[in-house]
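**Q** What follows is the residue order along each chain.
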Amino acid sequence: MFTILEKKKLSAEVFMMKIEAPHIARERKAGQFVILQQGGDFAERIPLTIADADTDEGSITIVFQAVGEATHRLGTLEKGQAIENVLGPLGQPTHIEKFGKVVCVGGGVGVAPMHPIAKAMKAAGNDVKIIIGARNKDLVILEQEMDTIANELIVCTDDGSYGRKALVTEPLKELCEQWKPDLVVAIGPPIMMKFCTLTTKPFDIPTIVSLNTIMIDGTGMCGGCRVSINGKTKFVCVDGPEFDAFAVDWDNLLTRLGTYKPQEQDAHHRCHIGLEIKEGEA
Amino acid sequence: MMAHHTKTDLDTLAQNLWQQYSGRELKPKDRLAIPPQEMPSQAPDERVANMDEVALGYTEDQVKVESLRCLQCANAPCVKGCPVGIDIPRFIAKAAEGDFAASVSVIKESSMLPSICGRVCPQESQCQLTCTVGKSLKSIDKAVNIGRIERYVADWESSTGKRENPEVAPSTGKKVCVVGSGPASITAAADLRREGHEVVMFEALHKAGGVLVYGIPEFRLPKRIVKEELDALAAMGVKLEHNFLVGRTAKLHDLMERDGFDAIFLGTGAGLPKFLNIEGENLVGVFSANEYLTRSNLMRAYDRKKAGTPLYHSKKVAVFGGGNVAMDAARTALRLGAEEVTIVYRRTDEEMPARREEIAHAKEEGVKFLYLHAPLKILGDEKGKVTQVELITCELGEPDASGRRSPVEIPGSEALYDFDTVIVAIGNASNPLIEKTTKGLDVNRRGNIIVDEETCATSMPGVYAGGDIVLGAATVILAMGQGRKAAKAMNAYLAGREESA
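So the sequences go chain by chain: A and B.
Under this note's numbering, think of the first position of the first sequence as 1, with each following residue one higher.
Under this note's numbering, think of the first position of the second sequence as 1001, with each following residue one higher.
Worth flagging that the hints you see were computed from the coordinates, not collected in a lab.
Don't take every hint at face value.
Stated by the list, open to error - Selected chain B positions facing chain A (Cβ under 8 angstroms, derived; list incomplete):
(1) L1137
(2) R1248
(3) M1299
Cβ atoms here follow ideal geometry from the backbone N, Cα and C, with glycine treated the same way.
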């Protein structure tokens, strides 16, 4: 079980893996995620959104950026090896229907979970435009895949090394003004999602975000993933991961994500030494 | 506070007593004169610096002496106090004779998990509550220490390596699954497998054992003991499948209609932490007891050098709640390096639902208790981190529905207390996942699955349930009792299907 069928390095720090997981492949829907655990008894559990699935092959695809100890360790596995634990599909699937005009915004590795959603939105008869954002050219992923789905694909980089030199909020604002979408879906770093929310809010365009919080079990048992939605506490793992962006308490979300920052920095440094990975090379 | 006695001291005392009382006819009066044997334990100042088990277990002489205290009452009130009806006088008589093998097999007629129940059962409110010795000596603390004897004989069996697993009947060709791997499911799985059915156990997490593994800390229940029970199931031929969350990885209906399971037992537990819904509860530094304990127990974050899962650096910790989970969280926090840990409880010591033993252990270790205080809000700094808790003083009013006197807040008594960490340990609600993904499964207002009291059958034919998902947050022994009851009914149900087929 959970054998790696395919591994691709999408950029210096971003990997794509196709994993044998027939049960998950059969049940999963766009927007859902898995929790992985790799490296024995002491290893951390990490939530990752499912980027794609193939029910015939019985496989799921994940895309991850090596940012912490656990993701670095995952990145050292090769095709043919197996991941010890993969639980899923978790969370509520994306609500897919014909909304009309939909803008999908994916930032960084957030483009990966956006892929199945954009595909499903298109299949439901929506007119889909996609914005991809990345820090630089090297970190732009799944451009071709997204291009086949989108009626219009806008790629921007922070440093202008590829596509348009802009943050995703710039083209998003223009689309809000000129194209007047019926729905915006944004997935990426929390700060990006927060600013997407601030961008669409004045236009009153319904906006959905997918949150990736601290999580242990992923079944509702620990409550570590709780977020404040319209002042009410919700669990990302069972009530989410997608929420109405206007209802999210972004400042609380951002501070909660920093709960273990000192320990994480320490661990990041440690794993670069332990796994003999050079800084910037995952 | 009692002075700490070493295991050697206690053993010497027991040896003397054994010489005094063994080998002669004992009248009830003699038996009542034998002092109760104290449980040897790690010294409090040592144990707060490690995760090892606190209670060390009786010595052979201690267990024999303690067993002599039993009056062998004909009406056996202790058995009536036991949720699974263990023949307590008989197993104690065997222990007094030193025939531990016979003793443990008496227990195993009724209970699958003596090494676990001997440690975590609330004996003082069950078998020991009704014990004649305790009643005669007018103190529950002087009842026969049934749980400690049970633990000794169970540990004796596993230390001999001659543990005998129940025999498995020839295959019936029927396939069943148990959902979850806690005490209810372990018991049900064993009883179903014994009958000759193919049994698959589904567990969502990467490690099996349920609350025994993620919830109860190592210092109260060593994980090797849980592993032994799971290994025994595997040796009997129960197939354990990790990473399988019923409701998500497969729906209940699909397991029955598509995957060919003839019957299903749901033992998914009460895995949904309750919060107070007060201001500041989502600040950085506020944890559910589940999260706090899961990090330390399941993810082994207490081993900071090896663990990938981080722990919050706490100095002053407040634990809200007064149950066993609150004690576990407080004692864990101390072991993880907190300088000061305070249990904040709305009522007084008397109403605390935690076991007396756990409260005493916590106090010995230096946990502070702030009674008659209720949290109003949690305050944080500009970085969103907990800095203070606002508490209000309470007084006890009229008894509430639970029979305990309810706390009444005293207006104007609000005050701020400095804390950097808050652990909320006010209980668990039932996890709604299976109910939400299964049409036709009836639950009550609280989300607990509704079952027939005698058979544990749910509203769906062939589906049974037991443990905390039915009872709400209860005890290991009650969960085990329901697992057993359900398995018996399932075995009958499956046999019936065979005949009609």
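**Q** Taking the hints in turn, state whether each one holds.
**A** Verification of the hints:
1. A distance limit of 8 angstroms between C-beta atoms decides the matter here; for L1137(B) the minimum to chain A is near 43 angstroms, and the interface restraint is violated.
2. Interface hint at R1248(B): satisfied, since its Cβ lies 6 angstroms from the closest Cβ of chain A, which is below the 8 angstroms cut-off.
3. Interface hint status for M1299(B): upheld, as the beta-carbon distance to the closest one in chain A is roughly 7 angstroms, under 8 angstroms.
The structure fails to meet hint 1 from the earlier list, while all remaining hints are met.
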